[in-house]
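Novice: Take a look at the letters that make up each chain.
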Amino acid sequence: MIKQFCLCLIVCFMFTTTIAQNCQYSLKGKISDFHDNSSIIGASLQIVNSNKNTITNFDGSFEFKNLCKGKITIVIKHVACESKTISFIISKDIVKEITLEHHLEELEEVVVKSESKSESTSIEKSIKKDIITNFSDKSLGDALNTLSGVSSLNTGNTIVKPMIHGLHSSRLLIINNNVRMFDQEWGDEHAPNIDMNASDRIDVIKGANSLKFGSDAVGGLIVVRGKKYARKDSLFGSSLMSFNSNGFGGNLNSEIIKSYKSGYYTKVQMSYRRFGDFKAADYSLTNSGLENINASFRLGYNSYLKGFEFYYSQVNNKFAILKSSHIGNVNDLVTAINSLEPRVIKEFSFSIDNPKQSIIHHLGKIEAYKRFQGFGKLTFQYDFQVNRRREFDLRRGDLKNTPVIDLRLVTNSIQSDLQVKPNDNLKLNIGFLGRFQQNNPISTGYRPLIPNFDKFDMGLYTIGNYSLNESTELNAGIRYDFSKIKARKWYNITDWNETYNYDELFPEFETGTIAGVRIFTKPQYTFHNFSTGLGLLKKINDDLSLFINYGLANRVPNPSELFSDGLHHSAARIEKGLLNINKETANKFIVSMERNNNNFGFVISPYFKKINGFIQLIPVGISTTIRGAFPVYEYNQIDAEIYGIDIDLNKKINNRLDYYGSISLLRGKNTSENLPLINMPAANFNNKLMYFNEEFKQLSISITHKTVLQQNRFPDYNFFTLDPVTQQDVFVDISSTPPTYSIFGLNISSAFNEGKLQFELNVENLFNTSYREHLNRLRYFADELGRNINFKIKINY
Amino acid sequence: MKTMKTIKLLAVLFISSFVITSCGDDDVIEDPNVEELITTITYTLTNGSDVVTLKYTDLDGEGGSDGTYAISGPFTAGASYTGSIKLENETESPAENITEEIEEEDEEHEFFYTSSLDCTFCSLVIDKTDIDGNGNPVGLETSLFFDTPATDGSITVVLKHEPSKPNDGTSADAGGSTDVEVSFNITVL
Chain A
1 MIKQFCLCLI
11 VCFMFTTTIA
21 QNCQYSLKGK
31 ISDFHDNSSI
41 IGASLQIVNS
51 NKNTITNFDG
61 SFEFKNLCKG
71 KITIVIKHVA
81 CESKTISFII
91 SKDIVKEITL
101 EHHLEELEEV
111 VVKSESKSES
121 TSIEKSIKKD
131 IITNFSDKSL
141 GDALNTLSGV
151 SSLNTGNTIV
161 KPMIHGLHSS
171 RLLIINNNVR
181 MFDQEWGDEH
191 APNIDMNASD
201 RIDVIKGANS
211 LKFGSDAVGG
221 LIVVRGKKYA
231 RKDSLFGSSL
241 MSFNSNGFGG
251 NLNSEIIKSY
261 KSGYYTKVQM
271 SYRRFGDFKA
281 ADYSLTNSGL
291 ENINASFRLG
301 YNSYLKGFEF
311 YYSQVNNKFA
321 ILKSSHIGNV
331 NDLVTAINSL
341 EPRVIKEFSF
351 SIDNPKQSII
361 HHLGKIEAYK
371 RFQGFGKLTF
381 QYDFQVNRRR
391 EFDLRRGDLK
401 NTPVIDLRLV
411 TNSIQSDLQV
421 KPNDNLKLNI
431 GFLGRFQQNN
441 PISTGYRPLI
451 PNFDKFDMGL
461 YTIGNYSLNE
471 STELNAGIRY
481 DFSKIKARKW
491 YNITDWNETY
501 NYDELFPEFE
511 TGTIAGVRIF
521 TKPQYTFHNF
531 STGLGLLKKI
541 NDDLSLFINY
551 GLANRVPNPS
561 ELFSDGLHHS
571 AARIEKGLLN
581 INKETANKFI
591 VSMERNNNNF
601 GFVISPYFKK
611 INGFIQLIPV
621 GISTTIRGAF
631 PVYEYNQIDA
641 EIYGIDIDLN
651 KKINNRLDYY
661 GSISLLRGKN
671 TSENLPLINM
681 PAANFNNKLM
691 YFNEEFKQLS
701 ISITHKTVLQ
711 QNRFPDYNFF
721 TLDPVTQQDV
731 FVDISSTPPT
741 YSIFGLNISS
751 AFNEGKLQFE
761 LNVENLFNTS
771 YREHLNRLRY
781 FADELGRNIN
791 FKIKINY
Chain B
1 MKTMKTIKLL
11 AVLFISSFVI
21 TSCGDDDVIE
31 DPNVEELITT
41 ITYTLTNGSD
51 VVTLKYTDLD
61 GEGGSDGTYA
71 ISGPFTAGAS
81 YTGSIKLENE
91 TESPAENITE
101 EIEEEDEEHE
111 FFYTSSLDCT
121 FCSLVIDKTD
131 IDGNGNPVGL
141 ETSLFFDTPA
151 TDGSITVVLK
161 HEPSKPNDGT
171 SADAGGSTDV
181 EVSFNITVL
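Chains A and B supply the protein sequences, listed in that same order. In terms of my numbering, the first sequence has 525 at position 525, counting the first letter as 1, and numbering is strictly consecutive. In terms of my numbering, the second sequence has 16 at position 16, counting the first letter as 1, and numbering is strictly consecutive.
Some clues are possibly wrong.
To be verified - Stretch-level coverage of chain A by chain B, calculated; a stretch enters the list once three of its residues show a Cβ under 8 Å from a Cβ in chain B: (1) 186 to 192; (2) 395 to 404; (3) 441 to 452; (4) 527 to 541.
Treat the hints as calculated values from the structure; they're not laboratory data. Here the structure is a predicted model, which means the values were calculated and not measured. Yeah, the Cβ is synthetic: ideal placement off N, Cα and C, and Gly gets one too.
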């Protein structure tokens, strides 16, 4: 059949050529590289359905002679390029310049080499899809906690805030699908609103390669990535179900991806997570459940020349907060600290009562890129975020269902990046950013903790990557940022004039509007920041590399550091920002020696950070109200040093048995007052022994162990307060840290049907150890989680 | 071409968001009313024509100026008083009576009274005389008996929200969160 068809085609072809007869035309041309216009030598050209072929000469030129009138099709091939097919209508002599996409690997690289770093000189750690799956029913912070140098600041067990080298909140940039997250990250109990299940890889950048995203990555960068899909027609997806004995809940996650050979792709993902009250080793943690509903959608087009991506995600988080942590004043806090068990212990329940948090985060972006011949790649992105955070507390009467905090933060950004490669060794990125942000407190019958403000940011950067030779790479960048904050806020006039002396310090903020004991003000700030980054990679041999990073970061104070003013109900403390807080400047040095080898590998990474004007929130005294006394926490600025070392090891014991270990040691010093820094992670180490049998259903069994030592270096902010009931002074121990703990875990996983069906069984806190972690804000009230048995099924289709 | 259009459209949207939002810049935003604020606690103790009031007022809430006390007259030794407590938000006009809210939710609230007197072998007994729907004490109404004179002493009033009821009569056992905690200095002649 096919033979006949071909024969027929050839006959037809001959027929047309015989009719045309007119065969004295020529086609001349030159083939060059799309990027730098350099000539491509030795590319082969073949006219389809003929024996005419040629090869480009030393200057990339070629010529076909004696062409007949009519249509011809030429296939051009070159070793490092994608074949290209072009048709011409021959009716005269033609001269044509043809470009080939010489660096096709670049596009494929993202698909194939998932091991690659975001920048070659960057000091970073990655979490791959399998670990993300492993933590499918936990939070981003829990998954990152497995990396050395990364810890978390928790509120209970569901609100988990990642910390890199002891730094968190505004000091960490979280980049979600190339969008910098703005989800009111300033609060200690504000966890990032990210559904990990929507991502394919998460990078933690500890070093200095962050200028593209901002100048304020004092702590580091967390990059949550999606995946690029190969250009082929396919439809695939997966569904995951998990069940946990602790909290009697789990999650459901499904994703489906359709990709086309043309370059288009689309992905839809949804997840639902639900837990009831969790259990500590000895008691139920009443009101600690959660409910999350998340969805994400991607639509894009990928080709070498151009592409775009549209991304939208919505995260709905509802977190119950331990009932016992709701306290009225400092004496309630003393009672809580002194009692060994939480005040309220009830039967298991799925209900999420007050206090609770309810957060919705919308994130939308559109990104487009185009490559210009002989010039470079231009990327443009617009993104939009809305974060609505509602915190509910125990209230009286009609206000029971009204939150005490209701804030809406809207962020709009545009950014563009131009990447040029003047030669094979040099890559330059030049970019621009514009951002507008607005915070609107919604009426709650309370004075908002964060006032109305508008914030405008602009940034410019240039980053260069230079390959000095085969084994050495250099990276250097500089960035300028401009920020303007305009706030509108009512102050208590006694506080304004007397407590803080603002009437003399900031008379320009006053508007002249006074109502009773309240004064209306318009604080305005302008900041200019310069930041730099330097990176060096030296490959010592095939698997041993040395990385050296230096970074200068500047961080503008966030609104809570400037404007917080009032009772933070969920913390039973009065928090006060100060209008004279200035920016924070950090010099970061980090070195990493990495041996990438399955038999024996390691990463040894010491670091040193000098932070001038480090902004911290510390207890400064007591304020008496009609509700009794409250500790007052004030933001202040000191100079700080943070230094430490992260070590990771892997060793193959035999064919089936591997050992992994890590140690994180850190010291934080308040050099202004010669005190330890508050809330610094304690020394900790992890061990894991893993058995893996590829042949037997990919069976993997691992035992994990984690020890966190007691933090003995903490600033002592303990104080005495009068208990009016007993009329005696009582000691308020808010600083002392809980003792050392060790927990063990067991993980068994297996895959059937060529990996289409995966099972996993985890036992967390195997021995049901009761312990408290000093970086948990609820450590005064209750223990951490007890034993949990977790079962997961994943189906790939 | 289509991408260009989209970019243009987005640029327009972006710029217009600046314009729209910057309009309201010069407006004075409303200072939200603090609705649940308790500014004033008045404990009125009556023995016939002998009326003693213990009052604490903090009109600007937490921060700002300190609260003020207004304590009338000494108590009379050997006398019984009936006490009644009133909570108000005086930043509203007329002042909001919060005692009514507590009466409505009396199962979720309880007052606790403690005292210390600087005298030997003297005591002050404060009894709660009202009960909630479950038959547990509330403490809006009280009776007191001062047995001997004291030159110095104090009465502390604590209001707990969501205490465990019944309890052993102490605020520590009741738990819950504290809505009011005020100590008054008193003398008994």
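Novice: Work down the list of hints and note, for each, if the structure agrees.
Specialist: Outcome of the hint check:
1. 186 to 192: violated (count 0)
2. 395 to 404: With 4 residues close enough to chain B, the hint holds.
3. 441 to 452: holds (count 8)
4. 527 to 541: Per the Cβ count (0), the hint is violated.
Consistency with the previously given hints fails for numbers 1, 4, ordered from lowest to highest.
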